[in-house]
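Work out the full structure: start from the sequences and follow the hints.
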Amino acid sequence: MADQLNSPEKLASLVQHDVDTASAELAIEICTAVVQAASGPQRIIRATTTDQVVWGGTDSVLILPERPVVSVASVTYGGSALAEGTASGTWRIGPDGIWRDVGWTECVGEPSQVLVTYTHGYAEDDQRIQLAAGVTLSLARGLFENPSGVVREQIDDYAVAYAEAGAALEGRPSLMALTRKQYGRKAAMVRVM
Numbered sequence: 016m017a018d019q020l021n022s023p024e025k026l027a028s029l030v031q032h033d034v035d036t037a038s039a040e041l042a043i044e045i046c047t048a049v050v051q052a053a054s055g056p057q058r059i060i061r062a063t064t065t066d067q068v069v070w071g072g073t074d075s076v077l078i079l080p081e082r083p084v085v086s087v088a089s090v091t092y093g094g095s096a097l098a099e100g101t102a103s104g105t106w107r108i109g110p111d112g113i114w115r116d117v118g119w120t121e122c123v124g125e126p127s128q129v130l131v132t133y134t135h136g137y138a139e140d141d142q143r144i145q146l147a148a149g150v151t152l153s154l155a156r157g158l159f160e161n162p163s164g165v166v167r168e169q170i171d172d173y174a175v176a177y178a179e180a181g182a183a184l185e186g187r188p189s190l191m192a193l194t195r196k197q198y199g200r201k202a203a204m205v206r207v208m
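When we follow our numbering, the leftmost residue of the sequence shown carries the number 16, and every step to the right adds one.
Don't take every hint at face value.
[As the list claims (entries may be wrong)] Between beta-carbon pairs, the in silico distance windows are:
#: 1; residue 1: 37; residue 2: 100; range: 46 to 54 angstroms
#: 2; residue 1: 141; residue 2: 67; range: 20 to 28 angstroms
#: 3; residue 1: 35; residue 2: 96; range: 42 to 50 angstroms
#: 4; residue 1: 126; residue 2: 149; range: 35 to 43 angstroms
#: 5; residue 1: 105; residue 2: 141; range: 27 to 35 angstroms
#: 6; residue 1: 117; residue 2: 143; range: 28 to 36 angstroms
#: 7; residue 1: 132; residue 2: 75; range: 17 to 25 angstroms
#: 8; residue 1: 149; residue 2: 105; range: 35 to 43 angstroms
#: 9; residue 1: 186; residue 2: 101; range: 50 to 58 angstroms
#: 10; residue 1: 98; residue 2: 143; range: 29 to 37 angstroms
#: 11; residue 1: 33; residue 2: 197; range: 26 to 34 angstroms
#: 12; residue 1: 175; residue 2: 98; range: 47 to 55 angstroms
#: 13; residue 1: 64; residue 2: 109; range: 12 to 20 angstroms
If you're looking for bench data, these hints aren't it; they were derived computationally from the structure.
This structure is a prediction, so every number in the text was calculated from the model and none was measured.
Glycine included, each C-beta is placed from N, C-alpha and C at the ideal position.
Given below as structure tokens:
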């Protein structure tokens, strides 16, 4: 199943009539994709565990691609499992990734593969996901309501529904900016060599 930031039951409650479950799930998936695209490269999802290969360099912090990082189960570097701790060569969890005092490469200029198993995303009751869930529900509502009585194209026409939801979000620039600010990648310092 694709990412869903809301549920068919909440959509039915919002539009105040029964909705076809399959169509409602598809509408929510489409609107979730629109919200994720508006937030930048970051996927906004409920908490899930991922095995991810990340290329490490000379920096001490290895930025993990999905945020927020909830926990890290294991780190494998150079074919060996690394321990969590404070001793040199071990790793510690940070706000956007994992920290290691000696960096993440054996040779300067040559990146190394690091396999990280970690949990990322937002818990069901986390207030930080409520903005994305609300925007998703609002956009999905627009796909189900038709006050003009004009016959609409099928909801299962993904491209049409995606374009319509995207246009609806673009029509609300302040909401789009708020979504990008809340979930997009934050500015950071970079090392200049």
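Now the hints, each set against the structure:
Taking the beta carbon of each, residue 37 and residue 100 are about 49 angstroms apart, inside 46 to 54 angstroms as hinted. Judged by the Cβ atoms, the range 20 to 28 angstroms given for residue 141 and residue 67 holds: they are separated by roughly 21 angstroms. With their beta carbons about 48 angstroms apart, residue 35 and residue 96 fall inside the hinted range of 42 to 50 angstroms. Residue 126 and residue 149 have their C-beta atoms about 40 angstroms apart, which keeps the hinted 35 to 43 angstroms range intact.
The given range of 27 to 35 angstroms is respected by residue 105 and residue 141, whose C-beta atoms sit roughly 29 angstroms from each other. As the Cβ distance of residue 117 to residue 143 is approximately 33 angstroms, the hint placing it in 28 to 36 angstroms holds. In this structure the supplied range 17 to 25 angstroms holds for residue 132 paired with residue 75, their Cβ-Cβ distance being about 20 angstroms. For residue 149 and residue 105, the Cβ-Cβ distance of about 41 angstroms falls inside the hinted range of 35 to 43 angstroms, so the restraint holds.
The hinted window of 50 to 58 angstroms between residue 186 and residue 101 holds, with their beta carbons roughly 51 angstroms apart. Taking the beta carbon of each, residue 98 and residue 143 are about 30 angstroms apart, inside 29 to 37 angstroms as hinted. With their beta carbons about 32 angstroms apart, residue 33 and residue 197 fall inside the hinted range of 26 to 34 angstroms. For the pair residue 175 and residue 98, the supplied restraint of 47 to 55 angstroms holds, since their beta-carbon distance comes to about 52 angstroms.
Distance hint for residue 64 and residue 109: a CB-CB separation of about 18 angstroms, consistent with the stated range 12 to 20 angstroms.
When held up to the earlier numbered hints, the structure conflicts with none and fits them all.
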